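Protein sequence lines correspond, in order, to chains A and B.
The first sequence begins at 897 in the working numbering and counts up by one.
The second sequence begins at 13 in the working numbering and counts up by one.
Just so you know, these hints were derived from the structure itself, not from any lab.
Only a predicted model underlies this, so the values are computations on that prediction, with no experimental measurement involved.
Heads up, the beta-carbon is just placed ideally off N, CA and C, and yes, glycines get one too.
Among the hints, a few may not be true.
Unchecked claim - A few chain A positions that, by computed beta-carbon distances, are all more than 10 Å from chain B: (1) Pro962; (2) Gly963; (3) Asp982; (4) Pro989; (5) Phe991; (6) Asp1042.
What the hints assert, rightly or not - Looking from chain B toward chain A, a few residues come up when the C-beta cut is under 7 Å (computed): (7) Leu87; (8) Asn88; (9) Leu206; (10) Gln210; (11) Trp253; (12) Arg357; (13) Ala358; (14) Leu370.
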Amino acid sequence: MLNTKTKGLLALVTVVVCVSLAFAFMVNRASAHKVAHDSETLQAFTDAFMEQVIRGDNLFHGGTEPGINLSNTGMACAMCHPFSSDIHPHEFPKFQEQMSEFATLRDMINWCIEKPNEGEIIDPDGEQMKALEAYMYWSNRGSVLDPGRH
Amino acid sequence: MPEKKQGSSDKVVGGNVDITRRTFLHKSLLTGGAIATGSAVGFFQTLSSMEVANAAGESFSFAWVSDTHLYPQTLNQRFIDKATRAFGEVQAMGSEFDFMIFGGDLAQRGDPVELELGAELLKEVTIQKHFIPGEHDWYLDLGEAWNQHFGESPWSFEHKGVLIIGLDTVGSAPDYWSARGMTPKERMGHMEALDGSQAGPWSGLGSKNRQWLSSALSDWPKDAPVIIFSHTPLWECYAPWNFWIRDWRQVHEIIAPWQNITNVHGHVHQPLYNEIGGMRSIGMLATSWPWPYAPQGVPEITKPMLRVDPGDHFDGVGWGKLSMADGYMDNEYMMWREQVFGTTRADSGTGDNQNQVLSPRIADRGWTGD
Ligand SMILES: [Fe+2]
Ligand SMILES: [Fe+2]
Chain A
897 MLNTKTKGLL
907 ALVTVVVCVS
917 LAFAFMVNRA
927 SAHKVAHDSE
937 TLQAFTDAFM
947 EQVIRGDNLF
957 HGGTEPGINL
967 SNTGMACAMC
977 HPFSSDIHPH
987 EFPKFQEQMS
997 EFATLRDMIN
1007 WCIEKPNEGE
1017 IIDPDGEQMK
1027 ALEAYMYWSN
1037 RGSVLDPGRH
Chain B
13 MPEKKQGSSD
23 KVVGGNVDIT
33 RRTFLHKSLL
43 TGGAIATGSA
53 VGFFQTLSSM
63 EVANAAGESF
73 SFAWVSDTHL
83 YPQTLNQRFI
93 DKATRAFGEV
103 QAMGSEFDFM
113 IFGGDLAQRG
123 DPVELELGAE
133 LLKEVTIQKH
143 FIPGEHDWYL
153 DLGEAWNQHF
163 GESPWSFEHK
173 GVLIIGLDTV
183 GSAPDYWSAR
193 GMTPKERMGH
203 MEALDGSQAG
213 PWSGLGSKNR
223 QWLSSALSDW
233 PKDAPVIIFS
243 HTPLWECYAP
253 WNFWIRDWRQ
263 VHEIIAPWQN
273 ITNVHGHVHQ
283 PLYNEIGGMR
293 SIGMLATSWP
303 WPYAPQGVPE
313 ITKPMLRVDP
323 GDHFDGVGWG
333 KLSMADGYMD
343 NEYMMWREQV
353 FGTTRADSGT
363 GDNQNQVLSP
373 RIADRGWTGD
């Protein structure tokens, strides 16, 4: 049996906990937009991005990861696309002649895995696909966005 | 004049001139209406001395094959198929050729198994063969297996009034491996990636080879033709991919007095053409795969190749047929497709690059040894 005082205290604690939780939740969710970014935060964002760029760079240059097989010919993407040249991420989506259909960059990545590389296509929303995409965009940064271009 | 040049070219290619696959190497051909690239007129002024240079010399043809990039057979059959096709075609036309030059990158990883496989496939060609190394042949054992199989370079000989030189532009890389404690395999691994960050400006002659070149040329008449074979181009096309030799300035000083030099090179895996002083430089096809053009484009006098179909591994590759007649060099790209050059933006291998800005790779930059 709790006495009134204890009940009151419990209620107070509950309220405090709830408010602070809500506050913490709000801060966590909204700080990206409501609070000015300090350089550490920005660095953390960059690191998270560059980690994927480096991962994609390695995959693009013949690196392997468990569960995927990007090539069965010994050829890595970079052997035909040095510096990610001729990948043209800034031109997608577009009608892709090789596929005879309207395609995204991810479609074309999988097409090149399948055709020239004779590898096994990867999950279009999977981690490796995102990493490959990160590397391609990063190494083509500064290119002029020009979707649909052949 | 144009008629005469056209005639001599006809003779060389057996009467059936397919102008779409050839690099015309003389002004009179370009102005003679042979091709319709309006920008081509007038580039060859510096070479007008060629018109009489070798009038007395006997004409001859030879074949160029390079960049087969063979893997062990268990890993990749395609490259074997393409190399075999090139060697077979050269052999079939063998009576047309005085010799065949293999221009380097026979192997992909310098693996003795790959070099032996290459040596085996090369037996198909029974005409005289000459060899210069590529970086892929070299950096596992620093040329040991290559030299055993195919002999040392540089070399030179005189052939029908032409001085023919084969250079080694790959073997004198600044040492990027010792200080970092790389194993031979790691050294080769970094060399293997064209766009790698660790192997540095590996392409060059170096002082020893430059000295050799000076003395090889010294007795040769300044107006007589010279053909220089090299794996990498003897000019600066694009340093980050070693589409150059790092000491091209010194080399150009050495060769400057000779007015009729033709440099035929591999490594770029693409039709490429330039002229500097008395030297014209021709980039040859690979049999293995084509590289994209360097991001900054090609010299105006290059006719860029057509865009390649990545779904057809015989596309954009092949070998080369070169002829020397009356002092004129003629080159025919034996590409395994109908049309070689792209004339419009949409078809050209460089046309799509105008919005493209590229950065060097990053994942191998911080390599400190492991
Ligand atoms: Fe090559
Ligand atoms: Fe090469």
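(message) Taking the earlier hints as the rules, which of them does this structure contradict?
(response) Of the numbered hints given earlier, those the structure breaks are 3, 6, 10 and 12, listed in rising order.
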